[in-house]
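S.K.: Put together the whole structure using the sequences plus the hints.
Protein chains in written order, with the working numbering: chain A, 1 to 335; chain B, 336 to 667; chain C, 668 to 986; chain D, 987 to 1274.
Keep in mind that the hints were calculated from the coordinates and are not lab data. Glycine included, each C-beta is placed from N, C-alpha and C at the ideal position. Take these hints with a grain of salt, some might be off.
[Said to hold, decoys possible] Sample of chain A residues at the chain B side, in silico, Cβ under 7 Å:
#, residue
1, Glu52
2, Gln201
3, Asp208
4, Leu209
5, Val230
6, Thr247
7, Arg249
8, Phe252
[As the list claims (entries may be wrong)] Simulated restraints, written as ranges between beta carbons of each label pair:
#, chain 1, residue 1, chain 2, residue 2, range
9, D, Met1113, A, Leu88, 53 to 63 Å
10, A, Pro69, C, Glu802, 57 to 67 Å
11, C, Ile683, D, Gly1131, 32 to 42 Å
12, B, Ile613, A, Pro69, 37 to 47 Å
13, B, Ser477, A, Trp30, 25 to 35 Å
14, D, Met1113, B, Asp462, 45 to 55 Å
15, D, His1266, A, Arg302, 19 to 29 Å
16, B, Ser477, A, Pro291, 16 to 26 Å
[Claimed, not checked] Simulated coverage check for chain B against chain D, where a stretch passes if three residues somewhere in it have a Cβ under 8 Å from a Cβ of chain D:
#, stretch
17, 420-432
18, 450-457
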Amino acid sequence: MSERAGRNGGGAVLELHDLSVRIPVSGGRWVEAVGGVTLTVGSAEIVGLVGESGCGKSTLGGAIMGLLPGGSRVAGEVLLRGQDLRGLAEEDYRRIRGDDIALVSQDPSASLDPTFPVGAQVAEAIRNHRDVSRRAARERAVELLRVVGIPDPGARYADPPHRFSGGMKQRVVIAAALANDPAVLIADEPTTALDVTIQAQILHLLRDLTVRSGTGVLLITHDLGVVAQVCDRVAVMYAGQVVEQGTVREVFAHPSHPYTRALLESQPAAHHRSGDLPVIPGRVPDLSEPPAGCRFAARCPRAHDRCAAPPPEIRTAGGGRVSCWLHHDTAREAR
Amino acid sequence: MTGLLDVRGVVVTFPAPGAGPRRRRVHALSGVDLSMRRGQTHGLVGESGSGKSTLARCVLGLQRPDEGSVVFDGTEIVGLRGKALREVRRRIQPVFQDPLGSLDPRWTVGRSVRESLDAFGVGSALDRERRVKELLDLVGLSPDHADRHPSQLSGGQRQRVGIAAALASGPDLIVADEPVSALDVSVQAQILNLVSRLRRDLGVAVLFVSHDLGVVEHVSQEVSVMYLGRIVETGSREELFAEPVHPYTRALLDAIPVPEPDARLVHVPLPGDIPSPIDPPRGCRFHPRCSLRVDACSRERPPLRPVTAAHHVACPVALQARSQAGTAPVEH
Amino acid sequence: MNHRLRFVLRRLVLTIPVLLVMSVFIFLIIRLVPGDPVRTMLGFRATPAAVTQVRAQLHLDDPLWAQYRDWIAGVLHGDFGEDFVSKAPLGELLAQRIPVTLELTLLSMILAVVAGVPLGVRAAVGGRWARRLTEGFVVFGVSVPDFWLGIMLVLLFAGTLTWLPPSGYIPFTDDPAGNLQYILLPVLTLAAAETAYIIRTTRGSMLGVLGRPFIVYLRAKGTRERSIVYGHALRNAAAPIATVVGIQFGVLLGGAIVVETLFALPGVGRLIVTAINQRNYPVVQAGLFVVATLFIVVSLITDLVVGFIDPRVSDRGQS
Amino acid sequence: MTTTMTVTSGVRRARSAVGALPRSARAGAAILVVLAAVAVLAPLIAPHDPNAIDSARILAAPDLGHPFGSDALGRDVFSRTVFAFRTSLSIVFAAVAVASLVALPLGTLAGYFGGWVDQIISRPLDMLLVLPALLLAISLIAIVGPGSLVAALAIALIYLPILARVQRASALVVSQSGFVEGGRARGWSPLAVIRRHVVPNALGPLLVQAAILAGFAVQIEAALSFLGLGTQPPTPSLGLMLSDGRDVLTQAPWVEIFPGLAIAVVVLAFNLLGDGLRRHLDPQGVVS
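M.R.: Below, the structure is given as structure tokens:
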């Protein structure tokens, strides 16, 4: 797997091969929340994983962290620097979490233990994986708080989370996540709960720190704008599958998949003048019985008889990949 | 006379949460003016603590201001009671953010849509039923939806029901508080199109409250930007987006993530946290985060001054810089 | 720790009106008895002279506020008046009775917490059997009336097995071992339902906390499961548990009245019941005052504990 | 046509709602239905006069004619238990009904309006919580004197602040929903909004709490009677029976065991029901 589109050299730190997740729902049925995702994240690279609610992007994050709800079944490979994490014993997985792979999740107010001092929550991340004294952990935690931009970190170390603003709390969460210089950071909607000017600060900080430490980031978001701001590459998810991936520049300038195109066009910010926004008719398919062929076909303006069969994955001109029959034709003609 | 709504000097404070001998107050709105014309969509944009939702509640008569006046079509609605209040209510209707929470879970869609018809005793029972079907059709739902419960609908459908319920009494003004922020992008587009169509086809004015400048730009003809309980800039959409003058507006525009290939985040557009509305900064409330700050900013509240006839800004410093430069400092 | 000091002071100040309301309430009890309380106390055949004398002795002819002032002034000096029947000073009587009630209720509370919290945690995080067993115990403990349980314990341990005395009391200072023998059954009786509540509350709040997003985030940091359960979740669950313990102490004080009667323990509860039946109002008043004060003090302590566990509570009311 | 369909679907929904209750809650409901029938039909069910003294059967052991045996006066314990149930359940029902009916408007108004309305409703109710529950009951009895009616009043007084608090919290949660503000903006008066939206949506937790408290009311009533402060002889009462049986505990444990078990079963049934309803009627967890 040598095909990486990231700009920052270094090998792939995280590789997903044909990863599927099935989650049990009531009545003995299963929902295929993630269906055969293949994706890589290189060191110091930020890959955006974008899609609407229910597309499986957060489940994918949970599968990588090994933190899915009980009873979920994962198939395929999750490789961290080449080591398959699937089937790892719980204790071995625990040693990796927070050390080699870290998580920043959506709501900073909900991520922190409300009864613990914020500094102790950063120090805990260190002591979970490093055999250091309390004092050393504390000093390092204060340093980390300073790095993420908490003013007067020594004094604020002992404050409980509720004395911080949302943006400051997310800085603390980032400090704890990056405490052990992880190879991979899963950032699951890290700025969705924040105001837009604060969002810009946090995204800037996140990119700055991870590029510096060489951490690869999988940035899960519903916001294409956020992807454009900080990501190097992007994967677009629809109904549990990645329908298109490539560099941000390529995908945003020349979206290949009809879903990607529709999603970009329905953004009011992109569509400057009044007049109706293009909309996507219909609904997301029921993933307890996913369609056999292309999952977007029922809503696709360019659907065709062939779309009843699973679409092939085609290399695009810009080096990305798209799963759509339309490009099968173009690719064949080009040949 | 084309004025529909005239808000003047509205002040709202709340007791700060918690109890104590000296309870402090949250300064939600600190002297806000706003005018709306008939049949126009006015976007009200701001971040948390800006007071935009409180202003919406004042216009709906759900929040009584401590000071100031809200005049709707020539009638002062602050302090209005009884029949007169009901008549104004008939003409100003809300659409809320959370489409699930804004519908009574025990009621059918039909009953929710009919609620204002029942309240104002419009027509016979049969007339109301017919009107409900018309309204559902108007917002793009089928008549069978009338018998369903909110839990059986998708988020977008629920918001359509919310809009149908707001239209039932034939209002002149709809106050929509973050009507699309709980929705996915593709569903959001449908609701935004519906809102635009209502204005176009029915001539309903809309006060559109949102934190999302992109959405506001799409639906509004006039836009007001709020920061910590005050309006810092207001104007026609064209002028405000083409030539934002207030440093906060400009930072906000810079910070918006735009899904375009070259929209990289190169610098932090605005440092610092939003101060607490319990203890807001003196003078210009934006001054602690402002790059144009001069001494006077921390002392005096800057008034809204015209940039052009259709564009006002509460920043003398930016205004002066602009007039000295002769042209607008367009940067983005 | 300025925040905490201010919290403690504020909470102390807030207790004053509560004590005031309680004392007025209890003071009014005699005065609210329909008709003439003295006639009710003395019976129908009392001579007018005797009635007048008792009225004077209880200061019932003074203005109401003056009566309250004199009474509360006495109470603050430990002078609760006289037992109407035995004429003994109530201060001394209460001094003998209070330790019995305190011993009974505090031992029950300690036993219930020591048993209930670990069992509740097991019920929340343990396997199916741990859950079923504790659930069964909770249902039993909550449903069975405490005095009936006491009677059944007497039937078993005192009647059938004759291991323990059925009733009575020896002060701890006289004979520690004997004291424990006498107090064991009453404590078990009172603690059973209490333990069930504490298990239920602990399990409920543990499950609530373990379902919150920060637990996922702790796992993502690589925190050990044991530290998540006992270090984080239990600490978060502790505030609601402590609150319930405080409220339940009131239930315990009520239960103590019944249990003291049942086991013939010379505590304040039994004193009150006997006094009500004898229409011995000064004793009723003094007894109720003591028990209510105990309750308020324990509520205060639990509130302080909750504030120390959860900084959000102690910060409330300050920015 | 449409109405028929709506009715059928309504019935189906009601049926599926019962079916969706956990098994334990259905068991609790079933026990309560049986017990209520026993209480109502006591004269038909009891084989003997509960107060008939039979010197030949003093402390007689249970047999077919007297399944729970006889007490120290030779009275049939089964018949007495059945009648005591009737007394006990009437007191409990009256107490919980009165407390709920008073708590409903008070809690709703306090929760919906908040501010000073909340203060003048909630502060006085909070004062009732200054005394532990049983002590409050005993204080009332100390003033008025013992009796069934006083016991019912005392229990109602204990429960009033608890139920009002639950209703207040529940009404507060509902009042923050968009549809309540919407109702106001759609032209309804505050009281109409309360009637149309707040009460129907806020009632669930009150019902759950009332069901749970009803079980404990049986215990409190029994405890008061046990202390001689509740139901007075010769009316059969579970608490009095337990008090009397203490003296003959070792000779005739049946006098003691059955009334106690009866109490435990009622409390258990109410608890099962209340806990089962909680999941459906109190999704926010207002009831502690």
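S.K.: For every hint, state whether the structure bears it out.
M.R.: Results for each hint:
1. Glu52: holds, 4 Å
2. Gln201: OK, holds: glutamine 201 of chain A within 7 Å of chain B, min 5 Å.
3. Asp208: Constraint on aspartate 208 of chain A not satisfied, violated at 10 Å.
4. Leu209: violated, 14 Å
5. Val230: holds, 6 Å
6. Thr247: violated, 9 Å
7. Arg249: holds, 5 Å
8. Phe252: For phenylalanine 252 of chain A, the interface hint holds, since the closest Cβ of chain B sits about 4 Å away, which is under 7 Å.
9. D:Met1113 x A:Leu88: 53 to 63 Å: holds, 59 Å
10. A:Pro69 x C:Glu802: 57 to 67 Å: violated, 23 Å
11. C:Ile683 x D:Gly1131: 32 to 42 Å: holds, 33 Å
12. B:Ile613 x A:Pro69: 37 to 47 Å: 39 Å Cβ-Cβ, so the 37 to 47 Å window holds.
13. B:Ser477 x A:Trp30: 25 to 35 Å: holds, 32 Å
14. D:Met1113 x B:Asp462: 45 to 55 Å: holds, 53 Å
15. D:His1266 x A:Arg302: 19 to 29 Å: With a Cβ separation near 47 Å, histidine 1266 of chain D and arginine 302 of chain A fall outside 19 to 29 Å, so the hint is violated.
16. B:Ser477 x A:Pro291: 16 to 26 Å: Taking Cβ atoms as reference, serine 477 of chain B and proline 291 of chain A lie about 24 Å apart, which means the hint holds.
17. 420-432: holds (count 8)
18. 450-457: holds (count 4)
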